[in-house]
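Q: Heads up: the protein sequence lines correspond to chains A and B, in order.
The first sequence lines up with residues 1 to 416 when you count with this note's numbering.
The second sequence lines up with residues 417 to 832 when you count with this note's numbering.
Warning: the hint list may mix true and false statements.
Pairs of lysine-lysine, PhoX-like flavour, derived with a Cα cap of 25 Å [said to hold, decoys possible]:
hint	chain 1	residue 1	chain 2	residue 2
1	B	Lys441	B	Lys608
2	A	Lys20	B	Lys436
3	A	Lys46	B	Lys462
4	A	Lys414	A	Lys333
5	A	Lys414	A	Lys254
6	B	Lys436	A	Lys46
Partner residues are not named here, just some residues of chain B that face chain A (Cβ under 10 Å, in silico) [said to hold, decoys possible]:
hint	residue
7	Asp483
8	Met497
9	Gln512
10	Val726
Calculated from the model, a selection of chain A residues having no Cβ within reach of chain B, i.e. all distances over 10 Å [unchecked claim]:
hint	residue
11	Asn48
12	Ala78
13	Leu80
14	Pro117
15	Val146
16	Gly150
17	Pro318
18	Val322
19	Gln404
20	Ala415
None of these hints come from the bench; they were simulated from the model.
Think of the CB as a built atom: it goes at the ideal place given N, C-alpha and C, for glycine as much as any other residue.
Number of protein chains: 2
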Amino acid sequence: MPLLVMKFGGTSVADLARIKNAAGKVQREVARGYDVIVIVSAMSGKTNELVGWVEQTSALYDAREYDAVVASGENVTAGLMALTLQEMDVPARSWQGWQVPINTTSAHASARFVGIPRTNLDAKFAEGFKVAVVAGFQGLSPEGRVTTLGRGGSDTTAVAFAAAFGAVRCDIYTDVDGIYTTDPRITDKARKLDRIAFEEMLELSSLGAKVLQTRSVELAMRFKVPLRVLSSFEDTDEHSGTLVCDEDEIMESKVVSGVAYSRDEAKITLVTVEDRPGIAAAIFGPLSDAGVNVDMIVQNISEKANGGAVTDMTFSCPVNQVGRAKKAMEDAKAAGSINYHDLNVDSDVAKVSVVGIGMRSHAGVAATMFKALSQENVNIKVIATSEIKISVLIDRKYMELAVQALHDIFELEKAD
Amino acid sequence: MPLLVMKFGGTSVADLARIKNAAGKVQREVARGYDVIVIVSAMSGKTNELVGWVEQTSALYDAREYDAVVASGENVTAGLMALTLQEMDVPARSWQGWQVPINTTSAHASARFVGIPRTNLDAKFAEGFKVAVVAGFQGLSPEGRVTTLGRGGSDTTAVAFAAAFGAVRCDIYTDVDGIYTTDPRITDKARKLDRIAFEEMLELSSLGAKVLQTRSVELAMRFKVPLRVLSSFEDTDEHSGTLVCDEDEIMESKVVSGVAYSRDEAKITLVTVEDRPGIAAAIFGPLSDAGVNVDMIVQNISEKANGGAVTDMTFSCPVNQVGRAKKAMEDAKAAGSINYHDLNVDSDVAKVSVVGIGMRSHAGVAATMFKALSQENVNIKVIATSEIKISVLIDRKYMELAVQALHDIFELEKAD
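Can you build the whole structure from these sequences, using the hints too?
A: Structure (structure tokens):
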């Protein structure tokens with residue numbers, strides 16, 4: 001029997017009516033001949049309620065107890081979904097993480113998968129059960145404690161099951177109907193993509209297009225699990241949504257697939273840093289220790305008259321981490337491990353990126369991008385590139401304008 | 417290390433402040449040198465919310481899924497209680513039913529204990545953990561599914577742990593401060609008992625004094641686990657509350673310990689039933705099948721002129737089961753399995769009982785009881801007796817009067 005994994009997030013199972021709606025989608029796939037593994041999140045709001053209780057109880061809480069409390073939300077949804085399917089005459093049962101078992105590491109609140117043995121679920125499918133409803137986001141540690149996987153863990157659970165059970169596909173039902181060339185709130189020319197490559201999706205999610213968690217896309221890419229993103233709230237069929245797949249399965253990919261952005265960035269420049277071996281480590285080590293997520297890094301070296309070298313070191317981070325970053329740099333300066341003349345912060349920047357596998361074989365993408373921005377008089381503050389992505393930092397007030405201009409110049413409104 | 421079991425019901429852990437209050441009581445016992453097993457219920461209201469969702473999802477729900485959903489409430493409290501204790505520097509961890517494991521039968525929603533192996537908890541106590549916080553009301557079936565024990569299951573969990581771990585005592589924290597000679601709402605002469613025998617408590621709980629579930633008292637009696645009932649909401653010490661214990665531990669027990677009542681009873685009389693072997697089974701079999709909880713039964717035989725015998729058969733049941741009882745009798749009559757001339761229902765009766773171990777060695781208790789009722793002109797409709805209890809059915813309007821009169825005549829307001 002071909003097997004399908006279907007994942008429903010918190011808003012898709014927010015109440016009994018929505019659980020019923022989701023169950024209808026499962027029933028349809030069973031009618032098509034699939035065995036189905038359904039991965040469910042907690043009803044929306046429930047996880048936050050539980051997390052709130054834990055945090056109010058204990059500031060430095062024991063992560064093992066946090067996990068034991070928080071994982072209960074998914075167990076409730078799994079049972080209710082199984083009951084709903086049974087009401088529709090679909091043979092189903094719920095599975096909690098320890099029952100499967102979903103073996104994970106002991107890193108509570110951010111556990112990683114160790115393995116998902118197929119024995120227990122396979123036995124139930126062999127008995128005639130058509131659907132296994134699995135509580136997402138959780139697992140079992142080697143010590144026999146309940147673990148959770150951290151934010152986005154339910155998407156990752158879905159992909160892990162799809163990989164372990166050789167699913168034909170992993171369908172992620174969410175509150176949007178697919179992946180767009182850019183945010184439709186910024187330009188109504190944004191177009192839903194039928195297909196997108198894993199690598200492109202990875203760049204888009206880490207750039208702030210929050211439909212899929214980065215970690216689940218990485219896992220899907222590694223195990224070549226086709227992922228489909230589609231809406232819980234619309235009638236869907238086998239062509240709905242966006243398929244995230246191996247680039248081999250995308251016939252004629254465009255040079256650029258999408259334009260992503262990240263609004264709340266900050267640019268920090270250390271002015272006149274002595275350039276010597278180990279200086280980067282001396283700067284970025286303390287930042288990492290302070291929990292600052294450094295994104296783009298640019299370094300300009302200028303020779304000094306006396307033969308030494310100084311540099312301006314510029315990096316970007318989320319704007320709400322600026323305080324932490326400044327303190328880490330000041331502490332490192334006070335401790336004598338780095339030296340700099342000045343520390344400048346620009347908190348009013350945004351990041352805009354174009355992403356596309358096609359860039360690998362097409363020159364001139366960067367030139368086209370810079371030309372489009374220049375025509376709109378948008379000043380570029382920092383540039384960073386990867387194989388399939390070009391990102392720029394610009395003044396925040398130009399962000400929407402830049403996204404629209406780039407969407408236009410790469411003609412993303414046109415179908416593939 | 418001597419071990420104590422402490423159980424906190426739903427109102428005692430209704431919010432984080434109350435969980436903290438309960439944890440304070442646990443901390444105090446740890447300071448006294450006990451290892452403690454804490455049994456917790458779900459935060460009050462949570463179980464009803466979960467049950468409501470299940471019932472709305474499915475009228476004839478799968479009890480296995482019901483259990484998987486409903487048991488999650490206790491898991492939340494267990495984790496929060498463990499965290500609260502850790503905040504107080506008490507080494508504690510939470511245990512879900514499957515982790516202990518609490519082995520039960522597969523009778524979902526009304527499972528019974530099979531065994532509680534000590535290995536896992538003992539290992540943690542040996543490591544220096546002082547408190548094991550166990551989710552009450554739940555267990556693990558031989559098939560590896562989550563079970564629940566039915567209403568009152570958390571009290572029963574507490575007693576079962578006390579028995580399995582050889583606890584010195586099982587303290588049941590609740591919203592009353594002990595067991596009273598009668599309901600204080602009926603007479604302000606009602607007095608809290610320091611001690612009461614298991615057998616007396618059993619009669620009192622099954623007669624409607626709902627502080628402890630019958631099942632937990634039965635289990636405590638069988639394993640000779642001293643039970644203490646005391647208040648979560650007052651400062652308590654080792655003399656607080658009421659100790660429910662073996663009668664050997666009660667030095668000079670009074671003849672009568674308490675007066676119980678049950679308000680909403682009905683009396684049903686089948687008039688002129690043919691008396692023949694098997695007639696009782698022919699009547700009470702169908703009643704049992706119809707789910708009628710028959711309590712008192714009285715039969716009066718009168719010889720007929722022709723040598724046969726007829727009888728009036730009277731029984732009592734809760735007033736809300738009268739409809740079911742009548743239908744069961746009419747169906748049995750229509751089917752020819754019983755015959756009767758008339759069926760009379762009296763829906764306005766109440767049951768009043770005096771309970772006391774001392775009755776076994778004292779004659780005249782019944783006579784004293786009947787005299788007291790007669791002095792108040794209370795007509796007795798049905799009498800039933802057991803070794804340690806005398807119950808009467810009377811008109812409901814006299815119930816409070818009867819309770820007060822009996823409380824007075826047996827001088828229950830005086831201390832032991």
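Q: Could you run down the list of hints and mark each one as holding or not?
A: Here is what the structure says about each hint:
Distance restraint check for Lys441(B) and Lys608(B): the Cα-Cα separation of roughly 21 Å lies within the 25 Å cut-off, and the hinted pair is therefore satisfied. For the suggested pair Lys20(A) and Lys436(B), the alpha carbons sit about 38 Å apart, so the restraint of at most 25 Å is broken. Simply put, Lys46(A) and Lys462(B) have alpha-carbon atoms about 12 Å apart, close enough for the 25 Å limit, and the pair holds. With a C-alpha separation of about 52 Å, the suggested pairing of Lys414(A) with Lys333(A) is violated against the 25 Å cut-off.
Under the criterion of a C-alpha separation no larger than 25 Å, the hint pairing Lys414(A) with Lys254(A) is consistent with the structure, at around 10 Å. Between the alpha carbons of Lys436(B) and Lys46(A) the distance comes to roughly 22 Å, so the proposed pair stays at or under 25 Å and holds. The interface hint given for Asp483(B) is met, as the beta carbon of that residue sits about 8 Å from the closest beta carbon of chain A, less than 10 Å. With its C-beta approaching chain A no nearer than about 9 Å, Met497(B) sits inside the 10 Å limit, and its interface hint holds.
Restraint check, Gln512(B) versus chain A: the minimum CB separation of about 7 Å is within 10 Å; hint holds. Restraint check, Val726(B) versus chain A: the minimum CB separation of about 52 Å is more than 10 Å; hint violated. Every beta carbon of chain B lies more than 10 Å from that of Asn48(A), the smallest distance being close to 14 Å; the non-interface claim holds. Residue-level check failed: Ala78(A) sits 7 Å from the nearest beta carbon of chain B, not beyond 10 Å.
Under the 10 Å C-beta cut-off, the non-interface status given to Leu80(A) relative to chain B is violated; the minimum distance is some 6 Å. Residue-level check passed: Pro117(A) sits 14 Å from the nearest beta carbon of chain B, beyond 10 Å. With a least beta-carbon separation of about 7 Å from chain B, Val146(A) fails to lie farther than 10 Å from that chain, contradicting its non-interface assignment. Non-interface status of Gly150(A) relative to chain B is upheld: no Cβ of that chain comes within 10 Å, the nearest being about 17 Å off.
Taking the minimum C-beta to C-beta distance to chain B, about 29 Å, the non-interface status of Pro318(A) holds against the 10 Å cut. Chain B leaves Val322(A) outside its interface by the beta-carbon criterion, the shortest separation being 32 Å against a cut-off of 10 Å. Consistency note on Gln404(A): stated as away from chain B, and its beta-carbon is indeed over 10 Å from all of that chain's, at 46 Å minimum. At the 10 Å boundary, the C-beta of Ala415(A) stays outside the reach of chain B, the nearest C-beta of that chain being 42 Å off.
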